[in-house]
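Q: So the chains spell out like this:
2 protein chains.
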Amino acid sequence: MSVPPVFNPDIHKQLQPKQQRNIAYYIDGIKAGNRYILSESITLLESSVPDKRALGTEILNHFKNDNTSTIRVGITGTPGVGKSTFIEAFGCYCISQGHKVAVLAIDPSSQVNQGSVLGDKTRMPNLSTREEAFIRPTASGTMLGGTAIHTKETIEMCEAAGYDMVLIETVGVGQSEIEVGFMSDVNILLLQPGAGDEIQGIKRGIMENADIFVINKADGALHSLAKQSKITYRNAIQLFHHPLEGWKMPIILVSSTEERGLDDVFLAIAQFKEKMLYQHLFSDKRTQQNQRWFYTKSKELIEELVFNHPEFRSNFKTLSDAIQNKSISPSSALSRINDILHKIIGS
Amino acid sequence: MSVPPVFNPDIHKQLQPKQQRNIAYYIDGIKAGNRYILSESITLLESSVPDKRALGTEILNHFKNDNTSTIRVGITGTPGVGKSTFIEAFGCYCISQGHKVAVLAIDPSSQVNQGSVLGDKTRMPNLSTREEAFIRPTASGTMLGGTAIHTKETIEMCEAAGYDMVLIETVGVGQSEIEVGFMSDVNILLLQPGAGDEIQGIKRGIMENADIFVINKADGALHSLAKQSKITYRNAIQLFHHPLEGWKMPIILVSSTEERGLDDVFLAIAQFKEKMLYQHLFSDKRTQQNQRWFYTKSKELIEELVFNHPEFRSNFKTLSDAIQNKSISPSSALSRINDILHKIIGS
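Heads up: the sequence lines are chains A and B, in that order. Each residue of the first sequence is one higher than the last, beginning at 878 in my numbering. Each residue of the second sequence is one higher than the last, beginning at 878 in my numbering.
Just so you know, these hints were derived from the structure itself, not from any lab. Since we're looking at a predicted model, the values are computed, not measured. Wrong hints could be hidden among the right ones.
If chains are identical, the list can't say which one is meant, so a pair holds when it fits in one copy or spans any two.
Below, a list of computed lysine-lysine pairs in the DSS-like style, where the Cα atoms sit at most 30 angstroms apart [to be verified]:
| # | residue 1 | residue 2 |
| --- | --- | --- |
| 1 | Lys1220 | Lys1203 |
| 2 | Lys941 | Lys1125 |
| 3 | Lys1150 | Lys929 |
| 4 | Lys1104 | Lys1176 |
| 5 | Lys929 | Lys1203 |
| 6 | Lys1194 | Lys908 |
| 7 | Lys1174 | Lys1104 |
| 8 | Lys1107 | Lys1194 |
| 9 | Lys1176 | Lys1107 |
| 10 | Lys1152 | Lys929 |
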């Protein structure tokens, strides 16, 4: 691994005023390892303003992203399982192994947070002070139906800035894990030490999506329970067939507070990636994710264009109001929209 | 309530051959209380063939649906909580109170099931033999990301056929409950008797979406545990503010097998509806749901039209293939699609 660029804590004092910020400002800033400018670039990508998004995309396109030297790790688990404590400890361990670590985190406390240089200070006090780490929190209040705002582009921007290990946290409500599955190379499911009963509470879909299982909090009074749990979980996951040939899903006991088991998790990720590469699946998976991204983004563009089309827009508004006034039935309104769409889109 | 039409178990023998089935066949069949024809009509509504869907909509439009004499009840709970046993017992209770009950059920066992006259015989043996009940199973395998195929139109078709109580089962994985929230008038969350620990496993979003809480399996060895749980759950839900003014969310102990507590659930639904009506929110909620339906369906129409547009279709395919061959970057492909869309849609 190349030596990470030296971080200058005073660089934010040299920021250009907003109006002067051109694409070179962002590109140079990212190249220089300026985390504030990286954060600003991500904010552009995530903006609802088309011009800002376009600038963000332009910045991203400047960096070549088709490399397989990075790894994208999805980290899932129900609330209370200790996700942030694990990410804190595991992130620091990865740094000790020579990696630069970006964390796309969920911040449950804040409703609006545009990301900051120092990141999530309270939840990850050690990691957030490391210059080899970049923490990008998403306020949980800004998510709809458990869907994180973090996108494939956010991941790619972090990689462009030299973060070769991207940890993507999800809140464990179902839908978001499926979406992260479309972005990550490998998925870790964090589990509680506990009896067999608790397994029922874990959604099958989330278990099936996992490549590596981690029993967290395997320390103190819970240590012997965690060891028992491992057997129970082992029996449970034997039911699942992993799509990667020859991959025996590991169940790893971890104490995030005592920093035990982190090396095993690190090794399991490396082994998983190696197996993926060997079977030529690593690059294939990312290509499929790219195609899926292209499909999803195309749909969003279509919607945006049609809903901003003046004729569609005014008719849609009129019909929606008519439904409210009960002067038209929803299905009759839809039939009218269908006619208008045929006129606008033609063939 | 009017007396339900007498069900003739031999009526399916008099079915017209497929080619002769016109709209009158369906309308007359539904009016006559023929559950097989009702099921066929729903299949039309849920069809992926536009002509069939159009016929289904035409049938539905024949029946006036803007009445508030029906009630749509969402029933949610994690796997194993006893949803089908509860629906079986509660459905029979509602029939004993003079209602006709339609159940939009999730069938975990079958992958393909077009619905049958007798419905879900094994899971709901008593309810499925009652002529005042109509059970429409959706195979869980046909759902994507936990989203049920059942739609607002399916509910309306059941109401058109005289079923004034519609029970909508969901699988409890997050997203589907949110969607049912856009279709139901009132939502019941089924809970297990258990200690406080288990509450953590229930997603906050699902709890917040519930209007009535039912602790199921409050019988036998679990009865005293269920009583304790009620206190724990009471403390937990005190954190939530219900949007309906003055609604104190009830927590009801139910034994589905011993048929206890079902009357309390029935009463709670009636009280909730009364409060909604009194605050003029019942009809408002349905109107909002109609507007949302109109928006969602419009989006689907737009996608369908654009993705079937010859020029878009061929370009999209070419670009998607190019992403696969890595001869174009995803964002460059998207930029090309943007140009094509501007040409097709114009302004």
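Q: Hint by hint, say whether it matches the structure.
A: Structure-based check of all given hints:
no.: 1; hint: Lys1220 with Lys1203; result: within (26 angstroms within a copy, 36 angstroms between copies)
no.: 2; hint: Lys941 with Lys1125; result: neither (34 angstroms within a copy, 57 angstroms between copies)
no.: 3; hint: Lys1150 with Lys929; result: neither (35 angstroms within a copy, 47 angstroms between copies)
no.: 4; hint: Lys1104 with Lys1176; result: neither (47 angstroms within a copy, 50 angstroms between copies)
no.: 5; hint: Lys929 with Lys1203; result: between (40 angstroms within a copy, 27 angstroms between copies)
no.: 6; hint: Lys1194 with Lys908; result: neither (47 angstroms within a copy, 35 angstroms between copies)
no.: 7; hint: Lys1174 with Lys1104; result: neither (45 angstroms within a copy, 50 angstroms between copies)
no.: 8; hint: Lys1107 with Lys1194; result: neither (56 angstroms within a copy, 46 angstroms between copies)
no.: 9; hint: Lys1176 with Lys1107; result: neither (43 angstroms within a copy, 46 angstroms between copies)
no.: 10; hint: Lys1152 with Lys929; result: neither (39 angstroms within a copy, 47 angstroms between copies)
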